[in-house]
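There are 4 protein chains.
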Amino acid sequence: MRGRRDYRVFDERFGYLFNSYYNAKGDRHPRPERGVLSRPSLDDVHAYRAHVDAAVIEAIDALDPDLVALGLAHEEQHQELMLMDIKHLFSLNIIAPAYQPRSRRGASEAPAPIGWAEFAGGLIEIGREGGGFAFDNEGPRHKQYLAPFALADRLVTAREYREFMEDGGYARPEFWLSDGWDIVQNEGWQAPLYWREREGDWRLFTLQGERPLDPHEPVLHVSYYEADAYARWAKARLPTEAEWEHAAILVQAAPSHSRAELHVRTAAESPSQALLKQMFGEAWQWTQSAYAPYPGYCPPAGAIGEYNGKFMVNQMVLRGSSFATPPGHARLTYRNFFSPAARWMFSGIRMAKDA
Amino acid sequence: MRGRRDYRVFDERFGYLFNSYYNAKGDRHPRPERGVLSRPSLDDVHAYRAHVDAAVIEAIDALDPDLVALGLAHEEQHQELMLMDIKHLFSLNIIAPAYQPRSRRGASEAPAPIGWAEFAGGLIEIGREGGGFAFDNEGPRHKQYLAPFALADRLVTAREYREFMEDGGYARPEFWLSDGWDIVQNEGWQAPLYWREREGDWRLFTLQGERPLDPHEPVLHVSYYEADAYARWAKARLPTEAEWEHAAILVQAAPSHSRAELHVRTAAESPSQALLKQMFGEAWQWTQSAYAPYPGYCPPAGAIGEYNGKFMVNQMVLRGSSFATPPGHARLTYRNFFSPAARWMFSGIRMAKDA
Amino acid sequence: MRGRRDYRVFDERFGYLFNSYYNAKGDRHPRPERGVLSRPSLDDVHAYRAHVDAAVIEAIDALDPDLVALGLAHEEQHQELMLMDIKHLFSLNIIAPAYQPRSRRGASEAPAPIGWAEFAGGLIEIGREGGGFAFDNEGPRHKQYLAPFALADRLVTAREYREFMEDGGYARPEFWLSDGWDIVQNEGWQAPLYWREREGDWRLFTLQGERPLDPHEPVLHVSYYEADAYARWAKARLPTEAEWEHAAILVQAAPSHSRAELHVRTAAESPSQALLKQMFGEAWQWTQSAYAPYPGYCPPAGAIGEYNGKFMVNQMVLRGSSFATPPGHARLTYRNFFSPAARWMFSGIRMAKDA
Amino acid sequence: MRGRRDYRVFDERFGYLFNSYYNAKGDRHPRPERGVLSRPSLDDVHAYRAHVDAAVIEAIDALDPDLVALGLAHEEQHQELMLMDIKHLFSLNIIAPAYQPRSRRGASEAPAPIGWAEFAGGLIEIGREGGGFAFDNEGPRHKQYLAPFALADRLVTAREYREFMEDGGYARPEFWLSDGWDIVQNEGWQAPLYWREREGDWRLFTLQGERPLDPHEPVLHVSYYEADAYARWAKARLPTEAEWEHAAILVQAAPSHSRAELHVRTAAESPSQALLKQMFGEAWQWTQSAYAPYPGYCPPAGAIGEYNGKFMVNQMVLRGSSFATPPGHARLTYRNFFSPAARWMFSGIRMAKDA
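Chains as they are written, first to last, in numbering that gives the first Met the number 0: chain A, 0 to 354; chain B, 0 to 354; chain C, 0 to 354; chain D, 0 to 354.
Simulated from the structure, these hints should not be mistaken for lab results. Watch out, some of these pointers could steer you wrong.
Note that the list lumps identical chains together, so a pair holds whenever it fits in one copy or between two copies.
[Stated by the list, open to error] Heads up, simulated DSS-like pairs for lysine-lysine below, C-alpha to C-alpha not over 30 Å straight-line:
1) Lys234 <-> Lys352
2) Lys142 <-> Lys234
3) Lys142 <-> Lys352
Since the structure is predicted, the reported quantities are computational estimates derived from the model, not experimental observations.
Just chain A, same shape as in the assembly (with noise of 0.2 Å):
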């Protein structure tokens, strides 16, 4: 830790058990076999933690506050990841326990049918602007060519994912990437994850436990494989990243959020976003582009340049932000990405077409 020669690690054994990809920062404990470490215990993690509080507090003043920016930015993305986590965690267990109460409403209102906002294109400019943080991966902001194209309006809701399932969508190839079909036939995927038939009902897995499937939802819990074979089947498309880009402009930049109940919202519960609904806050969104350096990237050095730059293959990137993204971290720039076939993130469906 720069600025704190007298720094006392907590346990240097801690570095190895603790350190999750870094290869810069040495040895580490073999990921398949994390879920055998039954210690440290709680006390000592909470020790551990209260000691590396102290003396992060006691520094802050003369630490580099671009660092201290990441850090807080990889600690919200953490927030995100448990939360994704817990309820996985939490879905295969056959009691379905619950991680918050659920609160009582009433039926949901079915959304108006996907309208379409159309887009000129041409030549335009994504990425960050400098000017508050971002992660590396954002920047720089460049220059990309687009053709005239549309968006929908609002995310796809389970309902119309329904109709998807019920004309055969699962089974038949000419909706799916090759790679796609073969996941759905090998792990049997019949529906999005956490979707649960019973006598004839779906039902849903949630933070909240378990309960009926709410159709007038955005679906959630989608792979890119399932996306992308939904909007076939809708005869539209994914976006790429530079059309969802350019188009959230017309957004107010991505709200502050805070919620009491962590689920996902109805378009008409969601707040008015005039011409583009859900864009943020509700389910990140699947983009047809692979994770990949903008023109000119260069990682920085050290340790901070495995941040990014490492996983930039074999990744799709997803946009906007989710119902579980803390306040203040989602950003009109900010890449997430995922391999295309994971689906335990807070994912969701916007479609595009060419205008």
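Put chains B, C and D on the given structure of chain A with help from the hints.
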């Protein structure tokens, strides 16, 4: 639960969650996903235990005494299994947590060289006599013909095993069964489980944490393949279970013991047992007998019948008992069994020879 | 090659290419990559064979006769293995190629119900006597004590096995060993290998191509798990190898036979064998004996010692011989062995009972 | 087959056997079991080919010319694939068989250091123009904005690549994408495919057998991960496919070529190509572009639509052509694609830089 018409289960779903392997008891939580269970909470588990304890105590006079005895014996098996699992889990943690503090002891004493107790063999009998509880797999009592043989009067020590290692034991296929050699190659076995080389010295991970290897202790945590390879290297062999049981008659039946320190003792520390030392209470002893039904064996009906019979293939028998076996649990006729590749139980080596 | 100082190997690299499993013979081509060998060409292989044949013929008088006998017996084993492998390979091809043409036959005759030959047991002897070639694993001859038992007088037929299937044989865990039940579930076993359901009828893939299943033929291509489950369903059990060998003394020692049509015959077609039919020449018969060394067994030194001894774990013994066993190869004391899950050899079921 | 109502298929089952991946064409022989097909016999395959050839020739005037062109282009792709597969198969054989004899050549000449051709970029166009056959994935032609860039004027040589290796290339995670580093670790990669260290010297397995590595030849058989890591080490990067295509306009369009010796040539041996050497006819060149649909791309209906579109994820684009690409097959707009881990195709490295 027989005899208690009015018993109310604590939670319907626990039957699914906590069914380890009984097909007759219906579906169960998939074994590879056990590690993901973070619920029910510890409080719920304690309440469940109290609920069951109370019901058992209330009902105990009306219950089938054989079933109660089986339940207790089964519970005792899990006491040893818990220690095996705790040791294994802790061993995977770089912090090397200790399950219990280590007592201070002086240097241990080298045992006398192995002596050989000779037996004339002939037509003998093994298996449960009746009188007192025994598992179904210990009977029926039946005749076997034994050729003359000799049994080692103590367990193989760590120092003796290290000689095998230093003579290329893990690098010379001529000592190994083919399946064992494959594992040695694929898993990179170089020593028994929990042995750790640190700058040329061997250290041992124990339930008291990591410490220098005591050369005079019995070697522990060897697979059948290693025990068999060691014996072949030593120009001996492993005993059959009939030989072991026939010889063990000489030893006072398995003594009750309760250990302060959960670890194996040297021959000098072990209580005097006349001709044969360390038959009980130190380390389970691999035999060369595949786990199979005794002539005339017939498993009981129902879920109880799944207890032993259905595992009678692909396993080898171990005899005796270990330092972790609860007091009163072991017996002359007791048949423990594990896959020949398993090493996480408290297993050691006693050799035999043709006389 | 002993006795031939001046022998020149055909190609230095063939020792590596064609070493199947002898550790004492050095490195070898990895087993899972055998399928990729398209070279040496067929011409080279023929030339290699001619080279070796010529050298053996020239040297044969100077060679150790025991070694020559072992070589011939080993070659004969591979003759049967070749037929097993050809059948398996062809079965995977939708074209269902026939290895040989099928002879025209009328409908087969239903055998009489299984009769039981009773044996008093007692202290008996099994194993090679000396006199004539035998594999090392067939000795030493030694005593065993047998309780009274009965042996079925013929093999189980396909019709009888189908009754087990129709009674839920593959769906009821109470008949199965735990490891076997896992395979049934994981592999989706519903019938013996090579049985094929076509619109409600069972057809059989044979070395003569695919044809309707003959209900009166012995069931073939069952694993140990299936043989054991069938016997449990039929309220019987499999014999031990000692029981089988003791009973087989009644039968004229394994007859020489050479089959025009390589397939199993019904009991009516099998040559009359007094009390016990089909002991040799139809299908290998699973025993409940794990493959283990006989008391006093000691493998020979060198690579020859790897022939049998190193496989003595995790396998079950089969006795008798099959229609594909070369003439003169089988013996009363012959011990065949396979993994309990294997089904591609010509294996059938003969039951036993406690008398 | 359109236009031939009366066509009789050679064998109904061949449609199943020889369907490689077309879901729209029904079920198919499982890919991992392809190695077990020893039937149909070579004679049958020849007869099948003759049958199809005759039918095509008879029908050709009535057939859709676009479909015929697609069929021919597809066949040409398989000609190169056959050479890739033959090389791979032969490489796994210790005998190191040669596909063709090796011509005698003198020592090769070291090329001049890499020079950099500079391009101003701006709003350019890439993709098929129409006029002549092209695959569907090469269009539509569309605009892209390029920042100024420079392209290396020749491929990276084996000697240059060895410098990367000797500088710890395969041992320093800072050069690698995370997925690439995992493979380096798990597969133990130390060099490109087919490089073999023999007593300190590097030898190369080629279609002409094994021989010393020629340091001045382009490095071949590198994965995307290796190409990307090399470029990062060399303080450069890989080109995008738009950069590559824009630069390649300078080069006379892909020359027809037919090679006597199927191997890559040094820059000196390659035909003079003005500013940029070795763009075509030596080795496919990895780009940093993920394989994705061009804006406005829409796959054709039916099985033809499965040809390219369904693979547009998890793959990287390669441009140019190799020594094994059939004459006339390559094009300026040609998009080859492989998984980033693949190395068995004839792939090399051309670097780019921001200008």
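Each hint, compared with the structure:
| no. | hint | verdict |
| --- | --- | --- |
| 1 | Lys234 <-> Lys352 | within (8 Å within a copy, 39 Å between copies) |
| 2 | Lys142 <-> Lys234 | both (29 Å within a copy, 24 Å between copies) |
| 3 | Lys142 <-> Lys352 | both (21 Å within a copy, 18 Å between copies) |
In this structure, every one of the numbered hints holds.
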